[in-house]
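Q: With chain A fixed as given, assemble chain B onto it according to the hints.
The lines below spell out each chain.
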Amino acid sequence: MTLWTPTDDGHADLSSHDAFAQGAPLNTFARLRRDDPMHWTEYAQGENYWSVTRHADILELNRQTDLLSSARGIRIEDQSYEEYLARRTFQETDGAEHMATRIRVAKAFSRPVIAQFEQVIRDICVDILDHTLPKGTFDATAEIARQLPMRMLGRIMGTPDADLPWLVAKGDALIANTDPDFTTHVLDKMTTDEFRMMPFNSPAGAELFVYAKDLMARKAASGDRSGILPLIMEPAADGSVMPEHEFRNFFCLLVAAGNDTTRYSIAAGLQALAHQPELLPLLQTGTVWDTAPDEIIRWATPAIYFRRTATRDFEYHGKQIKAGQKVVYWFLSGNRDETAFDNPMRVNLARQNNRHMAFGQGGPHVCLGMWLARLEVRVLFEELAKRIAKIEPAGDHKYLRSNFVGGLKSLPVTVTLN
Amino acid sequence: MHATWHLPNGKTVTAEVKSGLTLMEAAVAHNIPGVIGECGGSLSCATCHVVVDPTWSTRAGQPSAFENDMLDVTDADRQPTSRLSCQLRMAEALDGIILHVPG
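Keeping their order, the protein sequence lines are chains A and B.
With the numbering used here applied, the first sequence covers 1 to 418.
With the numbering used here applied, the second sequence covers 1001 to 1103.
Okay, chain A solo, but in the shape it has when bound:
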């Protein structure tokens, strides 16, 4: 039960993906929050970096984009400037450049536009649950958590259902590129030099580029206006349209980021229901739907960290940070911070004023898809709560081998239907 009572010795190597393979080393984060909130962290594969672990510190720094830039890479791995230019999406931009893209895509992901998808989401949830729950015992990640965001991705982008498994496999290869179950090009285990100019250092990025280009051409030729891509391709106020390279990068980002994050949020929520038996009856009272999705997402925190780079020297908690050094915001640690959350190691579906940072709250890169994620989580658990009397663990769950994406890659459960 590593999540509820972490078992790491408090001195885990945060740079090691293996240190996260049995669940995140939360005792280590707790120690750093207490004793060394700006921690110089060893990184054998490249330059060392600063680890920021307190909720309040992440909030304070995340908004200071002139001091801590996204435009030198957002993962711990080092990259050259030419690699950065070739691979970047708008996640890896700052200031006016970021805003220009953000505004182009914000409408499509705004709460009112996303709210229109509720019935579509509900229909998919009903289909998934009615197909899966009668099995009794199954892998909840594969059968439920993976299915909903994958199928919604198809609706959002207006892609053929037949393409979805391929797209999701490519997205997994991009994001979970340190877990051998998801890619044959394990980032820290072999040389990926051949792919270093491709998004996420991966051949899957190159394949998605080609797919995106074809999709755009097909949609233009057929006049297909399904999903949200037409909103994104609409000319901006100044008449400009999103350039092709920007669209391709954005498409990769949608496939990669919009998929596994929601998957692992749902999986973590299902795991919580299976381990804290009071949660399902509470959901069934119907009184916590306003708060439950955010608490499930706090609990999951699938995006464990994002990195920034200092643009000038500064001092923080008595440490001297130099221009060019990497600074990592450990959002997972912020979401377990005792000073920001009562009883952070328990799931409290009625948690009020839940200022979690699973969406990277506090800065301009706050998750574009947060309204979609919340809606998918709410509707899935609403439909689940209607159908089952009990959900229990049915064997060992397995975590992804990654210090970047936190998630249960398998979650065997047994359900009892109503």
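In case anyone wonders, no lab produced these hints; they're calculated from the structure.
Among these hints, one or two may not hold up.
[To be verified] Cβ-to-Cβ under 8 Å is the rule here; a few derived chain B residues that face chain A:
(1) G1041
(2) S1044
(3) M1070
(4) D1075
(5) Q1079
From the three backbone atoms N, C-alpha and C, an ideal C-beta is built for every residue, glycine too.
A: Same frame as chain A, but now just chain B:
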């Protein structure tokens, strides 16, 4: 200095706001429901939408081009005096400002 928020449920909250603080930060500090400020004031989320009382709109000023664009993606419909409260900074001219939180 202080500001007043009229909530959708008819309640009113008046709170002290230090000069220089944004009205989003003040609302978050006072747990004003409906003003969230997910992006910390970076004009990326539109979750700190308020409608400035018409009696204050001139003093509150006009939104910038980016803010104007983001006001088109708010949850509640935009009103003529809608603003993102992360862009309203408390100063003498805004002491006593009245804001309406859209329902």
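Q: Would you mind marking each hint as holding or not holding in the structure?
A: Status of the hints after comparison with the structure:
1. For the restraint placing B/G1041 at the interface with chain A, the shortest Cβ-Cβ distance is roughly 6 Å, inside the 8 Å limit, so the hint holds.
2. The closest approach between the C-beta of B/S1044 and any C-beta of chain A is roughly 4 Å, which is under the 8 Å cut-off, so the hint is satisfied.
3. Nearest Cβ of chain A to the Cβ of B/M1070: about 7 Å, under the 8 Å cut. The hint holds.
4. Of the supplied interface hints, the one on B/D1075 holds, with its beta-carbon coming within about 4 Å of a beta-carbon of chain A, less than 8 Å.
5. Given hint, B/Q1079 at the interface with chain A, is violated; its Cβ is 15 Å from that chain's nearest Cβ, farther than 8 Å.
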